[in-house]
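There are 2 protein chains.
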Amino acid sequence: MERTYSISDLAREFDVTPRTIRHYEDEGLLAPARSGQQRIYTARDRTRLALVLRGKRLGFSLAEAREIIDLYAAPQGEVGQLEALLEKLDEKRAILEDKRRDLESAINNMDRYAERCRERLTELQAMEKAAAE
Amino acid sequence: MERTYSISDLAREFDVTPRTIRHYEDEGLLAPARSGQQRIYTARDRTRLALVLRGKRLGFSLAEAREIIDLYAAPQGEVGQLEALLEKLDEKRAILEDKRRDLESAINNMDRYAERCRERLTELQAMEKAAAE
DNA sequence: ACTGACGTTTACGTTAACGTAAACTTGGAA
DNA sequence: TTCCAAGTTTACGTTAACGTAAACGTCAGT
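So the protein sequences, as listed, match chains L and R. If you read the first sequence in the working numbering, its first letter stands for residue 5, the second for the next number, and so on. If you read the second sequence in the working numbering, its first letter stands for residue 5, the second for the next number, and so on.
Simulated from the structure, these hints should not be mistaken for lab results. Hints should not be assumed to be uniformly reliable.
For identical chains, the list gives no copy identity; a pair is met inside one copy or between any two copies.
Under the rule of at most 20 Å between Cα atoms (straight-line distance), these lysine to aspartate or glutamate pairs were calculated in the EDC-like manner [unchecked claim]:
hint, residue 1, residue 2
1, Lys96, Glu68
2, Lys96, Asp106
3, Lys133, Glu123
4, Lys133, Asp106
5, Lys92, Glu119
6, Lys92, Asp115
7, Lys60, Glu31
8, Lys60, Asp102
9, Lys92, Glu68
10, Lys60, Asp30
11, Lys96, Glu108
12, Lys60, Asp19
13, Lys96, Glu127
14, Lys96, Glu119
15, Lys60, Asp106
16, Lys60, Glu108
17, Lys60, Asp49
18, Lys92, Asp102
19, Lys60, Glu101
20, Lys92, Glu123
21, Lys96, Glu137
Generate the whole structure from the sequences, applying the supplied hints.
Dropping the structure here:
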């Protein structure tokens, strides 16, 4: 038997509320099995949740996250399906690449700025030291 | 004389509405000069707007974007100010680094998946070719 | 003088992403 | 059996980030 999770298991692990997880289900991002009324999450469900949350951290809306994540569950039976899938993967990949560029320049800007600050700091400290003599 | 921009100049360039730009001003992200009632944006204002929009693309709220961007306009007169600034820069830098990790794994996942899809595709195509004989 | 095109303020409306509360069920510990 | 913690549905509330509309000012072109 594969391990399963309750909704509060996942809520605790990912630091969100059960409400949030149910909301993702309402939006079609998750589709856990049921045991009676209770939701039962498999390892695959858990992975999907992790993907959703990562998507959110990267600035995607739930709808955008869904579009991407659903590609990982797309049918691959026919040649046509696979070709269409590869198209869409390329498209999403380009979006991620754009974000990477944004992120790299943000980080580079900050690093250069911090470096100038450090230089200015040692300079100021040298001045104070000189004035103290 | 330095070049300036009207609100619709910037709106066009960055593909947002004037309303959005005014909203950023309401939220304290921009503070353009005025000529009478009219807002006059300098190159520095334009840069700040670009930073705001990049922040949004990276998943920051306006408040978070503001916190980061304001660091670039922080006073650096005293040693204490510079040290505090460097602290905060480090903190924000760590957040960006987290996003980078997220982004890298998202891209790597997708690349590996796409690769498996391509393999499966050539495999399927080989099967079809064999069946056609 | 008149008319757009562009700007302004004010204020209510909208959408996404949940929060919160109420009322109910249900499986296990005491 | 009773009770409680954890689950469920339903539905209204909230916040951020703007959209949209009204009512008005201003200034270059005819």
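Hint check:
1. For a Cα distance limit of 20 Å, the shortest separation of Lys96 from Glu68 inside one copy, 10 Å, qualifies, whereas the shortest one across copies, 26 Å, does not.
2. Taking identical chains as interchangeable, the C-alpha atoms of Lys96 and Asp106 lie at most 20 Å apart whether they share a chain (16 Å) or sit on different chains (15 Å).
3. When the C-alpha separation of Lys133 and Glu123 is checked against a cutoff of 20 Å, the pair qualifies only within one copy, where the shortest distance is 15 Å, while the shortest distance between copies is 66 Å.
4. With identical chains, the CA atoms of Lys133 and Asp106 are never at most 20 Å apart, being 41 Å at best within one copy and 44 Å at best between copies.
5. Taking identical chains as interchangeable, the C-alpha atoms of Lys92 and Glu119 lie at most 20 Å apart only when they sit on different chains, with a minimum of 14 Å there against 41 Å within one chain.
6. Taking the shortest alpha-carbon separations for Lys92 and Asp115, only the inter-copy value of 12 Å comes in at or below 20 Å, while the best intra-copy value is 35 Å.
7. For the homomeric pair Lys60 and Glu31, the shortest alpha-carbon distance inside one copy (14 Å) is at most 20 Å, but the shortest distance between copies (23 Å) is not.
8. Proximity of Lys60 to Asp102 under the C-alpha cut-off of 20 Å is found in both arrangements, the shortest distances being 16 Å within a copy and 13 Å between copies.
9. For the identical chains of this complex, Lys92 and Glu68 are intra-copy neighbours only, at 13 Å inside a copy versus 32 Å across copies, given an alpha-carbon limit of 20 Å.
10. For the identical chains of this complex, Lys60 and Asp30 are intra-copy neighbours only, at 16 Å inside a copy versus 26 Å across copies, given an alpha-carbon limit of 20 Å.
11. Taking CA atoms no more than 20 Å apart as the test, Lys96 paired with Glu108 passes in both settings, with 18 Å inside one copy and 14 Å between copies.
12. Proximity of Lys60 and Asp19 under a CA criterion of 20 Å is satisfied intra-copy only: 14 Å inside one chain copy versus 23 Å between copies.
13. Taking the closest pair of Cα atoms, Lys96 and Glu127 never come within 20 Å of each other, the shortest separation being 47 Å inside a single copy and 24 Å across copies.
14. Taking the closest pair of Cα atoms, Lys96 and Glu119 come within 20 Å of each other only across two copies (15 Å); inside a single copy the shortest separation is 35 Å, beyond that limit.
15. Taking CA atoms no more than 20 Å apart as the test, Lys60 paired with Asp106 passes in both settings, with 16 Å inside one copy and 10 Å between copies.
16. Proximity of Lys60 to Glu108 under the C-alpha cut-off of 20 Å is found in both arrangements, the shortest distances being 19 Å within a copy and 15 Å between copies.
17. Taking the shortest alpha-carbon separations for Lys60 and Asp49, only the intra-copy value of 17 Å comes in at or below 20 Å, while the best inter-copy value is 29 Å.
18. In the homo-oligomer, the alpha carbons of Lys92 and Asp102 lie at most 20 Å apart inside one protomer (16 Å), although the nearest pairing across protomers, at 26 Å, exceeds that limit.
19. With identical chains, the CA atoms of Lys60 and Glu101 are at most 20 Å apart both within one copy (16 Å) and between copies (16 Å).
20. For a Cα distance limit of 20 Å, the shortest separation of Lys92 from Glu123 across copies, 17 Å, qualifies, whereas the shortest one inside one copy, 47 Å, does not.
21. In this assembly of identical chains, the alpha carbons of Lys96 and Glu137 never lie at most 20 Å apart, being 62 Å within a copy and 37 Å across copies at closest.
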